[in-house]
Amino acid sequence: MKKVLSLVFVCLCTISAFAGDVVFDPTVDKGQWGNDDTAAAESITKSGVTISCTQGRWNLTDQYRVFKNATFTVASETTITKVVIECTANGTAQYGPGNFTGDAAYTYEGKVGTWTGAANEINLVASGAQVRITKITVTIDGDVTPTLAAPTFNPAGGTYYTAQNVEISAAEGATIYYTTNGNDPTTASTVYSAPIAVNQTTTIKAIASNGELTSPVASATYTISSLPSVDNIAAYAALDDNTVAMFNNPVNVTFANGKNVYVRDATGYMCIFGDEVVGKYNHGDVIPAGFAGKKTIYNTGLEMASPLTGFAAATSTATVDPEEITFANFSSQPMWKYVILKDAIISNVNNKNVTLTNADGSATIAGYNQFGIAIPNDHSIAYDVIGIVTSYQNNLQLYLVEVVDNTPLSTYVDDIAGLLGLEQGINAIFSNPVTVAYHSGNQLYIKDGNDDFMLVYGHLNNTYNNGDVLTGIAGNWTIYNGMTEMIPLADYFTEATAGTPVTPETLAIEEISQDLIHHYLRIENCTITAIEGDTRNFTLTDETGDMIMRLNFNEVTIAEDFDFTADYNVEGFLAYYKKSDGTVEQLQFYPNLIEKVGGVNPVLGDVDGDGTVTSSDITILYNYILNGSTENLVNGDQDGDGAITAGDVTIVYNVILSGK
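Take the sequence shown: its letters are residues 0 to 659, numbered as in numbering that gives the first Met the number 0.
It is possible that part of the hints are untrue.
[Said to hold, decoys possible] Listed next, with one range per pair, are the computed distances between beta-carbon atoms: (1) Y621 - I428: 38 to 46 angstroms; (2) T78 - T158: 21 to 29 angstroms; (3) V277 - T314: 16 to 24 angstroms; (4) D377 - T136: 32 to 40 angstroms.
[Said to hold, decoys possible] No more than 25 angstroms apart at the CA atoms, straight line, and that leaves these computed lysine-lysine pairs for DSS-like: (5) K67 - K258; (6) K279 - K294; (7) K67 - K110; (8) K336 - K279; (9) K67 - K293; (10) K258 - K293.
The hints are simulated quantities; they were obtained by calculation from the structure and are not laboratory data.
We put the CB at the ideal spot given by N, CA and C, even for glycine.
Generate the whole structure from the sequences, applying the supplied hints.
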């Protein structure tokens, strides 16, 4: 009886604490549309108050997005006296509250917009720019009647081309009931307990119930559609806009940066754009057949956009050479072509805009530093410029990928400190060798004889392993996100010789500071915690503190069945992250190895801990089983049974054969 009375008391306190205020939290109170859908009208009703907009995204992880020129409305049958809107940016900056206009009673300061008065409906227009909202508090004249929000679906309803596992969420403590036969659910319907497998067109309806409160019905329809297919880029370009189609043949990656992956085949060029390909491919990769996406046109160029699906790991990697163009024939080049323009003089550098001019000054091409590469300071000599043909306002321009200085180098430095002692952008050759700590895609971490580390960022013609020794490397340095990094001259990164592998320094999190950026580190006995709605960032915690761990290398993943309750040892590289608007500055850890303490490495089959599964992993197991050798034996106990046996060998074989 005492427990029941206590519960009633808590509930009454909860209701009274929020009397007069209705809070809309985007992490809990969801709309219908997320990133993959066309901008659409949104509406959420809670406790007698409705917020809506004519175009937006309200089914994201942590924010409501009101698109530019959309109308945002707050309505209630009870008089509204105050509305407080908290945003991701300040004032009239993009996404800030100062972009709302249309009501003289609305003001803003910093990241907060406030309306005060007495009305049943308030309308604001995002006339300045898109507004991104992290919280909305609506104060009404009187107590708020407790209500229960309708459940939300993840993924949202829509058209899909593969089977979906649909998760349903509701307020904490509520029970979810659902139907798939088209009928509205009741508390006698099926109780939701696990994701619902949808492999054919289905409408899911759900309610939430908690005591005497029952939510409105939420409904989502999942249309599972078969995909048309095409053989090549030319056939894809011939499809109607917004058609989703699958490729029957592979394509080659010419350049990848963030959400943009530029590809080609024998018939043409294309840009693949979306979150689904971030960090997945590098220059020269072959994307295997079976991938699909929506055909769109961006700035006159062919683009494959979300929904993207079927993007498997690259099947092989090889150098893809740019095709040579001239100033005379640039205007006839197709969009997204990967090209090299020789003997170009760089001038008029203005933020990201540059001008490329031929030797006699008779012809120019507009360049744009889209990817933030290092631009040489010496504008008196000609360079070979590698880039991607693109368009701005229907005028062709060149996205710069690499600027190659063909002038013979005469500047030498002894080590990393020597390079950093030069002016930014000055190329130099290393007199002394350096040792490779790790190589993944465009990211090469090196250490010199003084135990200084540096990230070399850019395309290289060779692939290196931990312990490889490089002699005569050359390049210049730049600053990215507050971090110094080396821009390589690829021709100076030749074949390596074998050396002693670099061992990471073991530190506690509290001992890690910004002066260790790019250093190879090991943190032991950590827990790893997922961040809701984020598949790349995790919280890494030891007994001294915590920090963000970001999956930055393609070789390291967190599987769906990852054991977040276990302790792990992690190895990797320290980085620094600064958000573009300056709101976030933090150290991050990029792991290249995650090993379970006393158990199975999360990268199944990876015996030597190099992040990949190859025949060498099998050889290491055989050497241990046959003669007891522990050389390179990082994680032999693949099945976690406490012993290394033929069963562990079988597991590695299966991983190699399945390609997973």
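Consistency of the hints with the structure:
1. Look at Y621 against I428: about 43 angstroms separates their beta carbons, and that is inside 38 to 46 angstroms.
2. A C-beta distance of roughly 42 angstroms is found between T78 and T158, which places it outside the suggested range of 21 to 29 angstroms.
3. The hinted range of 16 to 24 angstroms is satisfied by V277 and T314, whose Cβ atoms lie roughly 19 angstroms apart.
4. Between D377 and T136 the beta carbon distance is about 56 angstroms. The supplied range of 32 to 40 angstroms is therefore violated.
5. Restraint check for K67 and K258: satisfied, since their Cα atoms lie roughly 23 angstroms apart, inside the 25 angstroms limit.
6. Distance check on the hinted pair: K279 and K294 sit about 20 angstroms apart at the alpha-carbon level, within 25 angstroms; holds.
7. A hinted pair counts as satisfied when its Cα atoms are at most 25 angstroms apart, and K67 with K110 qualifies at roughly 17 angstroms.
8. Taking the CA atoms of K336 and K279, the gap is about 21 angstroms. The hint holds against a cut of 25 angstroms.
9. Restraint check for K67 and K293: satisfied, since their Cα atoms lie roughly 24 angstroms apart, inside the 25 angstroms limit.
10. Simply put, K258 and K293 have alpha-carbon atoms about 15 angstroms apart, close enough for the 25 angstroms limit, and the pair holds.
In the structure shown, a violation is registered for the earlier hints numbered 2, 4, in ascending order.
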